[in-house]
Amino acid sequence: MTPELGQLALILALLLALAQGVLPLIGAWRGNRALMAVARPAAAGQAVFVAFAFGILVWAFLHFDFSVQYVADNSNLELPWYYRIAAVWGAHEGSLLLWIFILNVWTVALAAFSYKLPDVFASRVLAVMGLIAVGFLAFIVFTSDPFGRLLPMPGDGADLNPVLQDPGMAFHPPVLYTGYVGFSVAFAFAIAGLLGGELEQAWVRWARPWTNVAWAFLTLGIVAGSWWAYAELGWGGWWFWDPVENASFMPWLVGAALIHAQAVTEKRGSLRAWTILLSIFAFSLSLLGTFLVRSGVLTSVHAFASDPRRGVFILAFLTIVVGGSLLLYALRAPKVAGGKAFQLLSRETVLLIGNLMFAVAAAMVLLGTLFPLIGDALNLGRISVGPPYFGFLFPLLMLPVVVLMPFGPFLRWGKGESPLLKQILLRVGIAAAACAIVAAFFVDGKLKAIVGVAALAWLGVGVLLYAYKRWRDVPRGRRYPGEMAGMLLAHLGVGVFVAGVLLTESLSVTRDVRMAPGDTQHISGYDFRFDGVHRTTGPNWKADQGVITVTRDSKQIAVMHPQKRTYPRGQVQTESAVDAGVFRDLYVALGEPMDAGNIEGAWALRLYYKPFVRWIWGGGLLMMLGGFVCAADKRFRLKRTADATAPVDLQPQESRA
Amino acid sequence: MKPGIGNRASPARRLRLAFFIALLTCVGFAHAQAIEPMPFANHAQELRFQHLTHQLRCPMCQNETLADSNAPIARDLRNQIFKLMQQGKSDEEIKQYLVARYSNYILYDPPLRPGTVLLWFGPLAILLAGAGVVLVAIRKRRREGVETTTVGDSADNGEDW
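Same order as they appear, the protein sequences are chains G and W.
Taking this note's numbering, the leading residue of the first sequence gets 1, the next gets one more, and so forth.
Taking this note's numbering, the leading residue of the second sequence gets 1001, the next gets one more, and so forth.
Just chain G, with the same shape it has in the complex:
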């Protein structure tokens, strides 16, 4: 009867979420402190019940409670305990439970760190978080109950999809969700600001560290997903522009725009309306991403029909969140442009251009991802939109961002100085050109690779020049505030990432080969010797495991063991072997025996030489680090005595109007 306790806990959590979502809003509206004070205890209580339900589902998995349908569908007796825990978020119902659990963690953190905020504002923010929780808990309770029973209880369960049985996949969804859900905080701040009419800079300052942390988590989640796809799916690619990937990439793009827009709004007071709009879109796209991936709509629009209640609920929920917040925006967004004036040549302009490009890129990805679904729904004929489309348009849209990036920090707020910019242009230009010329000799004149090296020099030297300027001009201790250090790290990360992508794409070597034991293949200076295949077993799989010895100039580099696993329910899964390095990865995947059944004979193998592929994730990790460092800026932690209740900023706005 324990699973029913979990269900009960979810229902109680839903009621508490309703209280958290409705009462403090009324309290803030009527000035009733007692009602406002409901927010924090309700949030804490809801978190306790959701954590309890989550714990019960974990417990059901650990104890093989196959009388629970979800457990029976996603685990079996042979599945090791760590993957039984990961199986909790291995399918639709459990991942929604994980989503709401993470939302509760964010809400409790917000409740704990929001005591310095004015009561009215804090209760509105927590209420918005409560309303989001209502939507998700209702979705779980009414359409996607993870505790549904399966009677009579089967002796053994099915299996967790073998693709998910990998450390990367156990790690990737929680981190990604932490990022998705984190944007709910920026969203809640924006909505609370709209509701209260407190449109001065204060709320943006409070929202900034939260947004940065959310974006950093999302970055880490995407990096983990990309790395997992590379290592696990066996095709050696790191990004496929698959709808599932795009779903996480859209909020990331809008989030990147948002953290820059928030900086402008906080420091200069301008772009307020745009910041609010981006907050709404970042969260809406996170919701869309969650549902796109989990609803099955991506496989086919018609998959929705398999459980129409879910589809209808999702559409209704999205409509309410997006439509409601946009309506509120239309009614309450600042009509008069506030903040300080800026000239054409200013940091604001550059950030605005960057924002525009990020927003258009996100729109392009959205269009490309949904277009086949729309076409399918309207019977326009089935078409596919894939890497050639995104891979053509995305770099075009990001080109201005990369070109302008070194100048951003050097441009002043309000009005920039063109002599300084010319100097910077000359220096980064010379650095990029010099590196490109040197690189041309090493990469056989491959254009993409040369561009990659030049881009790294362009961005890297830009970052170094600015770091040097601060070191020269500013006294010790105040040189690199967290916010700036984070920016420099993230911008350097972009350079490392771009270089990694372009170098890998142009210099990688892929060979499908037939190898008999003892055969050697020569690829990019490495000798891959195939030493045969033997059988091996793991906790819940049997595998054919190949042995490949890699040597270079007759010095042994690595012994690699690619596998072809068979799981208890007959699913076949390749496990590639990767010899990682800073400058190159060697990658081997095992295909089929050439003579079926004779595993001791010749095999089909795929060998890769992938230079600089780690730089792709290294760049991503630097961006993530930048987000965290920025959020840790001391400035955001200062106790503010302000005054958000008193709209101080109203005066200049009125005088202008």
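Below, a sample of chain G positions facing chain W; criterion: calculated Cβ distance under 10 Å: (1) W235; (2) D242; (3) L271; (4) V360; (5) L380; (6) S384; (7) P388; (8) R412; (9) D512; (10) R514; (11) V572; (12) R606.
Below, computed lysine-lysine pairings styled on DSS-like, alpha-carbon distance capped at 27 Å: (13) G:K340 <-> G:K415; (14) G:K634 <-> G:K116; (15) G:K340 <-> G:K469; (16) G:K469 <-> G:K422; (17) G:K469 <-> G:K634; (18) G:K448 <-> W:K1095; (19) G:K340 <-> W:K1140; (20) W:K1083 <-> W:K1095; (21) G:K415 <-> W:K1140.
Hints are computed from structural coordinates only; laboratory data are not their basis.
Quick reminder that beta carbons are idealized off the backbone N, C-alpha and C, glycines included.
Position chain W against the provided structure of chain G, taking the given hints into account.
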């Protein structure tokens, strides 16, 4: 029955059986890899084959390229493409051949047609509209705007850099 078979299956039957088993195991378990060494005439042709099969979609899979998919149909199509290449067909001719059989669904690079105008030019339209808004905003902000605001000046908002 043909003579001489006894209880051992003929090669043809064994092949059919193997194909049937392969069909059973491949469908739905597409994450086993598609690795097939092919006798390419030269390295340039191998690269061309890799490039082409990465731009085509396996018609029966969820979302996989012909290059990556292990589904039987993807194997057949890869072999077909290889054959067409040996016959000296260009990439464009091979694509036409496949589109004639599997519709535009097989192309990851959707061709520009009345139905896909929005797809290809939508981002440009959004970009132009957005650029217009940004330009207007910048022009407006050069004239209007508050030189000093009360909030922020007293507080350290990191505006000094």
